[in-house]
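Asker: Here are the chains, one letter per residue:
Number of protein chains: 4
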Amino acid sequence: MTVFDIVKSSVDSVVAEGAQAASCPAEVASNSDRIITMLPSSPHVKNCFTADDGILSTVQPGTLILDSSTIDPMMSKSVSELAQAKGAVYMDAPVSGGIMAAKGATLTFMVGGPEDKFPEAKEILSLMGKNVVHCGDVSTGQAAKICNNMLLGITMIGVSEAMNLGKRLGLDPKQLAHILNTSSGRCWSSDTYNPCPGVLENVPSSNNYQGGFQTALMTKDLGLAQDAATATQSPNPLGSAAHQMYRVLCNHGYDKLDFSSVYKFLQEQEKKN
Amino acid sequence: MTVFDIVKSSVDSVVAEGAQAASCPAEVASNSDRIITMLPSSPHVKNCFTADDGILSTVQPGTLILDSSTIDPMMSKSVSELAQAKGAVYMDAPVSGGIMAAKGATLTFMVGGPEDKFPEAKEILSLMGKNVVHCGDVSTGQAAKICNNMLLGITMIGVSEAMNLGKRLGLDPKQLAHILNTSSGRCWSSDTYNPCPGVLENVPSSNNYQGGFQTALMTKDLGLAQDAATATQSPNPLGSAAHQMYRVLCNHGYDKLDFSSVYKFLQEQEKKN
Amino acid sequence: MTVFDIVKSSVDSVVAEGAQAASCPAEVASNSDRIITMLPSSPHVKNCFTADDGILSTVQPGTLILDSSTIDPMMSKSVSELAQAKGAVYMDAPVSGGIMAAKGATLTFMVGGPEDKFPEAKEILSLMGKNVVHCGDVSTGQAAKICNNMLLGITMIGVSEAMNLGKRLGLDPKQLAHILNTSSGRCWSSDTYNPCPGVLENVPSSNNYQGGFQTALMTKDLGLAQDAATATQSPNPLGSAAHQMYRVLCNHGYDKLDFSSVYKFLQEQEKKN
Amino acid sequence: MTVFDIVKSSVDSVVAEGAQAASCPAEVASNSDRIITMLPSSPHVKNCFTADDGILSTVQPGTLILDSSTIDPMMSKSVSELAQAKGAVYMDAPVSGGIMAAKGATLTFMVGGPEDKFPEAKEILSLMGKNVVHCGDVSTGQAAKICNNMLLGITMIGVSEAMNLGKRLGLDPKQLAHILNTSSGRCWSSDTYNPCPGVLENVPSSNNYQGGFQTALMTKDLGLAQDAATATQSPNPLGSAAHQMYRVLCNHGYDKLDFSSVYKFLQEQEKKN
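Protein chains in written order, with this note's numbering: chain A, 18 to 290; chain B, 18 to 290; chain C, 18 to 290; chain D, 18 to 290.
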């Protein structure tokens with residue numbers, strides 16, 4: 018296995034277990050017929066593939082590329098076309114689940130690309146995840162992740178508003194959560210990841226919003242949803258409002274906290290009043 | 018049993034089964050030690066209780082009043098105080114579940130009022146519902162219903178935005194719903210009442226948005242949430258945006274359709290583009 | 018002149034200049050045929066007029082009452098009817114202009130009530146203001162003030178967003194303000210009260226947002242607009258979003274600052290990023 | 018003068034007055050030391066400059082390029098760098114004012130680029146416009162236009178909400194407009210381009226929303242503002258809400274109407290209720 022990262026210590030830790038270090042993405046590509054990439058944003062992906070020492074400069078025909086970055090679906094389509102011109106297959110395979118799921122190999126992968134290549138992709142990704150779903154053509158893995166996370170951001174703010182309003186109207190938070198969870202307001206943000214401290218154990222809200230999925234990352238994903246919605250002329254009034262809300266949190270010191278801290282943001286206001 | 022309604026045919030149908038008709042709420046109250054009321058809005062409740070021929074003009078000490086209207090929690094508190102002055106107990110007991118649940122006696126009641134009176138209330142309400150929850154002091158039944166329905170309105174619009182965006186990005190609706198329902202975007206509006214036609218059977222979206230919970234009623238409940246939030250100075254950015262969205266639907270000919278028709282509202286735009 | 022206030026020092030300062038103190042609103046009313054009231058909110062107005070020792074308990078037929086409170090238009094209508102039953106005329110006359118305008122007698126009064134009584138009202142109010150406008154029937158003074166302040170809240174946030182975005186895109190704030198002020202973005206919030214420090218002199222933004230019109234008061238007025246919009250089923254997507262934005266500011270320590278501090282709220286985020 | 022357009026009739030009409038037709042942008046560039054471009058969107062600009070037969074394939078050193086397209090500021094920066102590599106100077110010079118202003122040579126140009134080249138740019142642009150403003154470095158012309166139009170979209174919806182709410186509260190529209198225009202709600206959308214039919218003459222709202230600035234174009238500009246705000250992490254809660262509102266209008270048959278038709282959109286709801 019040949020590996021590359023701009024953070025040398027990350028490379029070293031894998032080399033210590035037997036991998037071979039490469040000096041650039043091109044060197045990885047010239048040594049491999051199956052490549053996995055995971056980068057923070059669209060420009061990074063573009064650079065990693067199209068730079069002079071990028072993957073596409075040396076990629077072999079027949080290579081399978083699985084890109085687990087969460088990026089603009091347009092970028093996935095664009096890199097896929099360039100890969101195809103070299104005879105390689107690029108599939109987008111963004112991931113969800115967080116650090117704990119990564120360590121336990123229980124991640125979820127949402128995969129976009131040609132159906133006949135999916136079994137090969139699944140074989141590889143199953144080593145890291147327990148849930149590998151084929152979503153459709155290339156870029157639909159990104160689309161699925163963006164749609165899910167946009168909905169997640171909306172429901173988390175919605176639950177926070179409902180829990181906060183209910184508390185101010187005199188309801189006990191645990192009792193309110195119970196009612197929501199057995200009624201039509203039921204959602205993952207309420208029954209599995211409730212943002213109100215003390216309602217559930219072992220969730221970030223009961224641990225000062227440490228761990229979990231950072232507000233900064235949720236804000237990034239909501240920004241991707243905005244870009245996709247603008248490009249496809251899809252109305253999304255609540256998605257854009259959620260993006261703005263997380264932008265405000267992100268920049269008032271909540272960026273490193275779990276994204277359920279939007280409840281704390283509302284709650285603090287109560288105290289000041 | 019003594020009954021009253023301003024719609025005479027409703028009264029007649031119950032009288033035909035053995036009930037006795039009253040000429041006004043006061044006559045019901047003078048004949049009963051347990052009273053159930055269900056009215057469309059706060060002013061109706063106020064009038065039914067405080068008018069010259071209203072319930073409070075003749076109510077007996079010791080009477081238990083269960084009000085199943087969905088109204089402003091402030092109004093519930095206010096009527097409760099007036100009832101208390103007459104030696105009666107008023108509990109708010111708003112209901113959810115719709116016409117089918119009413120016929121099948123499987124409604125949910127959210128009850129606010131003194132804990133020692135709850136068993137008596139539950140005994141009565143269990144004849145109509147299978148889920149009778151004590152939420153806390155008087156008005157907390159209203160609070161619970163308002164919070165649940167505000168969250169429901171938010172998640173329904175959120176699911177509609179996500180399904181619509183996903184479709185435009187190339188995802189198959191059933192596949193997208195499956196991914197959401199097994200991921201963190203999971204919610205009642207997605208897995209039980211999906212607004213995209215064809216994803217689920219036996220829901221309004223697969224029946225031209227007929228039946229179900231009317232947009233006009235959701236708009237009313239979101240208005241109650243707004244009033245409660247303004248009165249308690251609770252921030253609710255998505256709750257207010259959802260209210261505005263349903264206000265627009267309500268007034269563009271969607272008021273009589275099921276509230277999941279917000280998906281259709283977005284979908285129609287796609288066709289026009 | 019007979020005066021009453023719950024803050025004794027306010028009464029004393031006017032008594033020192035020759036006024037006579039009353040022990041309650043009823044005593045003012047029994048001594049006066051022209052009454053001016055100014056109270057912070059709807060419940061205060063209701064109490065001042067309808068309590069046992071309130072104005073309506075002793076008001077004389079033919080009395081002209083000018084209420085300069087900013088309150089729910091419904092409350093103005095309701096008090097007007099009660100006054101009419103006593104043979105008195107109630108007109109709503111909310112005011113804008115702030116402390117400096119009050120001292121300089123240059124306030125603006127928006128007056129609602131019978132046209133034939135307007136000249137008498139104007140004669141009195143002109144002693145305090147230079148701009149006295151008849152808006153229509155009773156409660157339209159409130160309506161005009163609420164509509165103006167809702168629009169003011171929207172434009173102030175809009176200018177703040179535009180100035181902040183422009184700055185981040187590399188524009189000089191003074192240059193951007195000049196362009197907006199000579200283009201279609203021109204508004205009072207931009208050309209007379211610009212929220213970006215240093216663009217204009219002698220405005221709160223150039224004085225650490227001290228003085229001016231407090232965020233808490235803008236939030237209250239936007240809440241009144243929300244209530245009026247919900248009651249009249251008027252859609253107001255930006256009005257409600259502005260209300261939520263000011264609610265957040267209000268509760269994060271900006272309540273005592275001038276309402277143009279919404280720019281600072283956005284600006285601070287920039288620094289943290 | 019050498020001209021090119023993909024619409025042949027546009028070229029013909031100018032050729033009839035003495036211009037020379039080119040077969041592609043490259044031919045224009047090889048014949049000219051001053052070039053003006055005006056295209057509908059970022060991808061069109063990219064193609065016009067960087068395609069095989071694009072401007073940059075033949076542009077001469079020392080050429081001054083003025084691009085009057087309204088596009089993503091990032092694209093302006095990017096094309097500017099490519100032009101610079103060829104020894105040419107690219108300045109962005111988006112325009113506002115509409116068809117009437119174009120015919121009367123009274124357009125406004127917002128120009129971004131090197132200060133020492135501005136006099137030359139102004140000399141050319143003054144033939145078409147009466148207001149030519151230097152905004153700063155390249156891309157700041159776009160920035161200024163985007164900020165102005167974002168604010169314009171916000172104020173237009175704000176005025177429409179205020180006029181509609183005021184009318185429902187019993188105010189006469191002309192009277193309300195007068196009050197707003199002499200108070201702190203004053204803005205161009207209210208005093209020069211009021212969206213309520215009958216308040217002003219000679220504006221689109223008094224002509225069935227024909228003519229003026231189309232809703233579809235406003236929606237496009239608000240989308241550019243969204244993209245710029247997401248890219249620079251600038252919060253813009255009202256800008257994004259305005260974008261969503263215009264997206265809904267655009268797709269419910271209002272795309273060809275003047276953007277002040279947002280008032281009609283609200284007004285129609287009233288009639289249906």
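Quick caveat, the hints were computed from the structure, so don't treat them as lab data.
One should not assume that every hint holds.
Treat identical chains as interchangeable: a pair holds within one or across any two.
Said to hold, decoys possible - Each computed DSS-like pair below joins lysine-lysine, with the alpha-carbon atoms no more than 27 Å apart:
{"#": "1", "residue 1": "K147", "residue 2": "K103"}
{"#": "2", "residue 1": "K237", "residue 2": "K134"}
{"#": "3", "residue 1": "K134", "residue 2": "K25"}
{"#": "4", "residue 1": "K25", "residue 2": "K184"}
{"#": "5", "residue 1": "K191", "residue 2": "K94"}
{"#": "6", "residue 1": "K191", "residue 2": "K134"}
{"#": "7", "residue 1": "K103", "residue 2": "K191"}
{"#": "8", "residue 1": "K237", "residue 2": "K184"}
Asker: Each hint needs a verdict: does it hold in this structure or not?
Answerer: Do the hints match the structure? See the list:
Within a single copy, K147 and K103 get their C-alpha atoms no closer than 31 Å, and across copies no closer than 53 Å, so neither meets the 27 Å cut-off. Taking the shortest alpha-carbon separations for K237 and K134, neither the intra-copy value of 30 Å nor the inter-copy value of 38 Å comes in at or below 27 Å. Taking the shortest alpha-carbon separations for K134 and K25, neither the intra-copy value of 32 Å nor the inter-copy value of 47 Å comes in at or below 27 Å. Proximity of K25 to K184 under the C-alpha cut-off of 27 Å is found in neither arrangement, the shortest distances being 49 Å within a copy and 37 Å between copies.
In this assembly of identical chains, the alpha carbons of K191 and K94 lie at most 27 Å apart only when taken from different copies (23 Å versus 46 Å within one copy). Taking CA atoms no more than 27 Å apart as the test, K191 paired with K134 passes between copies only; the shortest distance there is 22 Å, against 47 Å inside one copy. For the identical chains of this complex, K103 and K191 are neighbours neither inside a copy (57 Å) nor across copies (34 Å), given an alpha-carbon limit of 27 Å. Taking the shortest Cα distances, K237 and K184 sit within 27 Å of each other only across copies (21 Å), while inside one copy they are farther apart (30 Å).
This entry does not satisfy hints 1, 2, 3, 4 and 7, going by the numbered hints stated previously.
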